[in-house]
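Visitor: Read off the chains here:
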Amino acid sequence: MTPALGVIIGVFVLAIALGLMARRGHVMSLEQWSVGGRGFGSVFVFLLMAGEIYTTFTFLGGSGWAYGKGAPAFYILCYGAIAYSVSYFLLPIVWRYAQTRRLVSQADFFVAKYESKTLGVVVALVSVAALVPYLVLQLKGLGIIVSEASGGVITQAVAVWTSSIALVGYVVVSGVRGSAWTSALKDVMILAAAVGIGVYLPLHYFGGYRAMFEAVEAAKPGALTLPAAGMSPAWFISTVLLTATGFYMWPQFFAGVYTARSENVFRKNAVILPLYQLVVLFVFFTGFAAMLVAPGLKGAAADLSLLRIVEQSFGSWTVGAIGAAGLLTALVPGSMILITAGTIISQNIYRVMAPAASDRTASLVARSLVPVLTLIAVILTLRGGQTLVVLLLMGYNFVTQLFPALILSLGERQRVSAASAIAGIVAGELTVVFLTVTSASVATLLPGAPQIVKDLNVGFVALAVNAVVLTVVAVATRVEAPVATELARTR
Amino acid sequence: MRRYRWLAAIPTLGMLGGVPFANRVHPYVLGLPFLLAWIVVWVVITSLVMALIYLLDSRRDAELAGAVATLSDDSRSP
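So the sequence lines, in the order shown, correspond to chains Y and X.
So in this note's numbering, spot 227 of the first sequence is number 227, and the numbers just go up one at a time.
So in this note's numbering, spot 3 of the second sequence is number 3, and the numbers just go up one at a time.
If you are wondering where the hints come from, they were derived from the structure by calculation, not from laboratory data.
Honestly, I wouldn't trust all of these hints.
[As the list claims (entries may be wrong)] Stretch-level coverage of chain X by chain Y, calculated; a stretch enters the list once three of its residues show a Cβ under 8 Å from a Cβ in chain Y:
1. 3 to 13
2. 21 to 27
3. 30 to 41
4. 47 to 54
[To be verified] Which bits of chain Y does chain X cover? Going by a derived footprint, with three or more residues having C-beta under 8 Å, they are:
5. 122 to 132
6. 232 to 238
7. 317 to 331
[Unchecked claim] One side of the interface only, derived from the structure: several residues of chain Y facing chain X at Cβ under 7 Å:
8. Ser85
9. Tyr88
10. Tyr209
11. Arg210
12. Phe213
13. Glu217
14. Leu224
15. Thr225
16. Leu226
17. Pro227
18. Arg267
All C-beta atoms in this analysis are idealised placements derived from N, C-alpha and C, irrespective of residue type, glycine included.
Chain Y with its partners taken away, still in its complex shape (with noise of 0.2 Å):
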């Protein structure tokens, strides 16, 4: 066994351990389970909002797109930053709303704030369609950093199976408490890791950051800034947008939310988040020295430059030690997805179907659906071919769908109507369905436009679709609320 095998294994079974032990002292009820009992103050919630950002999509995804494409790979460090300031106002008014109710999912909170359980078994539809690929997603990465960082001893399927089945363990057994504290592992060794080679390789290499950059644009003029079509400002900022619109509309961040003590932790990390997102920049670094180190990687394979350069780079100790960083950023949000995707499909569509359901039965299947939804992710990350590329586009526009429903709904009295919500949610998930199936672009759909037109994110047409019906459907069905606004007006 090689060293780097052995340090990954440590890990692994140190973050098995870690997330079994976070159950000691308490009853796994629903609340519990899915939420944490709503006791985590700041580090915990900092680590899970934080845990969500390093995920294998940053780390292989951050470098790959530094490598292949750029300068345009930079939108990741801004969507985020951006988010977080939201996240300020956003998050508090969430928190609140949620604690006095008792929510345990996102569509809880659509289905209270509408009245409308209906459109809670939309929204868990939605979220399970998003969280399903994203989950293959990591188990993906997973198996590609586990197998490549063993030299290819550990084959991916062995690497995916092992890990799938662990992480059912402690899902099953910690919920939320595993996630957070396997995070804690996980975010010391992403740190070390990330910076580590992010600060040694361009100095070992170049001789420093100036003299990479220098060396990338002589061998590649043009990949430190955006062209002038295409990838270009046009489309960067609308992407960060749509990106940051998006972001806390994903399930598991949504009901990470519900996890703190206090509304006071979303202010705080509102501050401290977007420093510690600038880890990225280190992750870009990485991805721009292998551009020059390793080349030679076309297409998907640019994912893959991150690994080729530390296996150039370094000895093996460190090679496990980067390979058992990266196993832990696909175990981490994997652990999220799945206890998100269980108590989402319990809460909000088995116990629609099941009313008299008790919160111990309704807990009961929420774990009982962790096995049968990693099975289904692991069959497919073995499987599956285009389509679930095509499943893995279509995730972050699919719960972006729900945000002009959500931003409604904050105000403290409801303004639009249940079927309103549901008609523009259903809408846009067609169009995005429609755009991705088609591989349209802006360019495709209005080919007589302006190039900064062109440019635009895609996303935005769905997004735009959703909000005409729902304004339509919302205009045509108004919520009729006479006794407050005669309050109001007496007022």
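Following the hints, complete the assembly by docking chain X onto the known chain Y.
Guide: Chain X in isolation, oriented as in the chain Y frame:
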């Protein structure tokens, strides 16, 4: 009114609004090409602005709590 909360919009406007103009390699700032440096600086400003709003909000909340306490004291006095 907490009008200072509008400060939170500045980083977003600055970061994204400046992208078309900051889209260049030179001059290098702290070893980073200009576009990347531009983004990094605005991420840091985001954090600073949110810290300022947090401080102002905390002070405001303390004042409000103080005012409420004084009011209830007044109502109790004969």
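Visitor: Confirm or reject each hint.
Guide: Do the hints match the structure? See the list:
no., hint, in the structure
1, 3 to 13, "holds (count 4)"
2, 21 to 27, "holds (count 3)"
3, 30 to 41, "holds (count 8)"
4, 47 to 54, "holds (count 6)"
5, 122 to 132, "violated (count 0)"
6, 232 to 238, "holds (count 3)"
7, 317 to 331, "violated (count 0)"
8, Ser85, "holds, 5 Å"
9, Tyr88, "holds, 6 Å"
10, Tyr209, "holds, 3 Å"
11, Arg210, "holds, 4 Å"
12, Phe213, "holds, 5 Å"
13, Glu217, "holds, 6 Å"
14, Leu224, "holds, 4 Å"
15, Thr225, "holds, 5 Å"
16, Leu226, "holds, 5 Å"
17, Pro227, "violated, 9 Å"
18, Arg267, "holds, 5 Å"
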